[in-house]
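For the record, the sequence lines run as chains A and B.
Here my numbering is used: position 14 in the first sequence is 48, and no number is missing along the way.
Here my numbering is used: position 161 in the second sequence is 195, and no number is missing along the way.
Take the hints with a grain of salt, since some may be wrong.
Treat identical chains as interchangeable: a pair holds within one or across any two.
[As the list claims (entries may be wrong)] Calculated pairs, DSBU-like style, for lysine-lysine (alpha carbon to alpha carbon, straight line, at most 35 Å):
id : residue 1 : residue 2
1  : Lys313    : Lys293
2  : Lys320    : Lys79
3  : Lys68     : Lys313
4  : Lys235    : Lys141
5  : Lys235    : Lys324
6  : Lys313    : Lys295
7  : Lys110    : Lys324
8  : Lys68     : Lys235
9  : Lys293    : Lys320
10 : Lys110    : Lys320
11 : Lys324    : Lys293
12 : Lys295    : Lys324
Read the hints as simulated data drawn from the structure, not as lab findings.
Number of protein chains: 2
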Amino acid sequence: MDLDTLSTDLLAGNRRALARAISVVEDGGPNATKLVKSLFPHSGKSHLIGITGSPGVGKSTLVDALITEIRKDGLKVGVLAIDPSSPFTGGAILGDRIRMQGHTLDKNVFIRSMANHNHAGGVALATYDAVRMLEASGYDVVLIETVGVGQSELAITQTADTTILVLMPGSGDDIQAIKSGIMEVGDIFVVNKGDLPGADKSASEISSSLELTNFATAWRPPVITAVSESGRGVDQIWQSARNHRAFLQESGQILERRKFKIQAELSELVAAIARDNLKTSMENSKEVQKILDQVAQHELDPHTAAQDLVQDLFGQPA
Amino acid sequence: MDLDTLSTDLLAGNRRALARAISVVEDGGPNATKLVKSLFPHSGKSHLIGITGSPGVGKSTLVDALITEIRKDGLKVGVLAIDPSSPFTGGAILGDRIRMQGHTLDKNVFIRSMANHNHAGGVALATYDAVRMLEASGYDVVLIETVGVGQSELAITQTADTTILVLMPGSGDDIQAIKSGIMEVGDIFVVNKGDLPGADKSASEISSSLELTNFATAWRPPVITAVSESGRGVDQIWQSARNHRAFLQESGQILERRKFKIQAELSELVAAIARDNLKTSMENSKEVQKILDQVAQHELDPHTAAQDLVQDLFGQPA
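Full structure from sequences and hints, please.
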């Protein structure tokens, strides 16, 4: 594969090159590294918005409505619809569904599902790189949608600048969110399906709970009641996202956030390299195979073995 | 904390010591390492059974019914009910629910929920160690129940010798399981809620699909229709689990499986050590902070930075 041509085409906004490049970074390996290396200088300018919430709260409808709002401002929008955890929930299907909802012919909208588990460091690492491909290809806003609200989904939305937490009335999710301390990660709260009974109650419970939450910054997350189906409240969500982005820039928080994200990414990349080194050694080194056998025979415990292996792999004590 | 006394008490079957020890390994760190080191020689003899499936298929009822079956054979049973991914699905509540269902007074049953995310290497690593605590404390069978069927849940059930995949009729899970290639990981398939319409159809679809699956060993997974509520089919599940264990031992597969598991665990432990080393360096090393700044300024891409960091941390090229 000619990675130089791929880079050039991607930078020129070629959609096929972009699709190809995302596949390359999903697969990982030396090609992914080369591609990221050449395109990284062209990334870092877009507004990255994470959207998360339990299944069934209407995230994909909200994403669809948000695309419409963002396009009104003439901005290019990329969407990554991610299903990191489950072969059962059908992340790929989700992406397809959105794709059919009216933005298909819009050349300034690019939607991609990621349900790929090949990347050595998992889908979170692949997401960082896929976002970079979209940025380098000129997408002003990147929406990162995750199905579910587990730890790994949160890790993915936290690759974003702005995190939107989507809830719906009567699901009990609002109470769970409050209990589980998940409030701290949301920059914007959306009570979706706001025409259902209990919507106002949910919104006011979330608001009260936010008043009691200790936030690290001066940003106070708005609670927005929306009906994504009809578009009600969606302009307000987009406005809040832009306000949040402006806040991050004016307060200097955006650098803090990005540094924090880079730490997390580097930590996972270093862990992935360690794993890869071990894998190679397990196949080739007699010394490493001996350690493995000792653990299998219960002569050596795994924690001590891991420390020995680090010494063996990297030539110094853990 | 006196870890020696804790070890001695745990080996003597003291339940409070066991509960304490599991908390220690959940927390990770030097105490966890010491405890595992001293108890590892006493582990490795129990039958480890993983139970997984989508929410709502009746896993906890099945676990409850299985405990009853296993106790008929006079064996001690430990249960780890694990919710690795979501603050919303309430793993802890699940464990509490089982605990109340009639085995509370049985001193040969120990049930523990793990919803703890503190362990550096994640809940999968904590599970390996928690299983060891149960084994050292004399539990003949350990049931490892995970809520959900995502990749991380599968990783956890694969810490087991025998994996039971629980499905229910009409959920579409059977079709999804077949499509997603999840069939390969199940050693026993249970169509639970077998009194619902469509149970026979689900079971026969799974059976046909299994006939087309390439298995690595001579074991052919049985498909069992069960009604956990009434106990129907549960004796058959337990019998199949024992058959599977016997197969693993007679064919020598059990050593293969355990070696594979040890490789996976060591890989995650080595990755965790790499992460920890990096974290310490990020706080203390000017060189490492400089690399971080360069990435934040988009002067250096994260992949190259990670390779530089490995060299820096461990003194040799990645």
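Taking the hints in turn, this is what the structure says about them:
Taking CA atoms no more than 35 Å apart as the test, Lys313 paired with Lys293 passes in both settings, with 30 Å inside one copy and 14 Å between copies. Only between protomers do Lys320 and Lys79 lie at most 35 Å apart by alpha-carbon distance; the minimum there is 27 Å, versus 48 Å within a single protomer. Taking the shortest Cα distances, Lys68 and Lys313 sit within 35 Å of each other both inside one copy (22 Å) and across copies (26 Å). In this assembly of identical chains, the alpha carbons of Lys235 and Lys141 never lie at most 35 Å apart, being 41 Å within a copy and 45 Å across copies at closest.
Taking the shortest Cα distances, Lys235 and Lys324 never come within 35 Å of each other, neither inside one copy (62 Å) nor across copies (49 Å). Taking the shortest alpha-carbon separations for Lys313 and Lys295, both the intra-copy value of 27 Å and the inter-copy value of 13 Å come in at or below 35 Å. Taking the shortest Cα distances, Lys110 and Lys324 sit within 35 Å of each other only across copies (34 Å), while inside one copy they are farther apart (55 Å). Taking the shortest alpha-carbon separations for Lys68 and Lys235, neither the intra-copy value of 51 Å nor the inter-copy value of 50 Å comes in at or below 35 Å.
Within a single copy, Lys293 and Lys320 get their C-alpha atoms only as close as 40 Å, which misses the 35 Å cut-off; across copies the closest is 15 Å, which meets it. Within a single copy, Lys110 and Lys320 get their C-alpha atoms no closer than 54 Å, and across copies no closer than 39 Å, so neither meets the 35 Å cut-off. Only between protomers do Lys324 and Lys293 lie at most 35 Å apart by alpha-carbon distance; the minimum there is 12 Å, versus 41 Å within a single protomer. In the homo-oligomer, the alpha carbons of Lys295 and Lys324 lie at most 35 Å apart only across protomers (16 Å), although the nearest pairing inside one protomer, at 38 Å, exceeds that limit.
Violated hints, listed in ascending order, are 4, 5, 8 and 10; each of the other numbered hints is respected by the structure.
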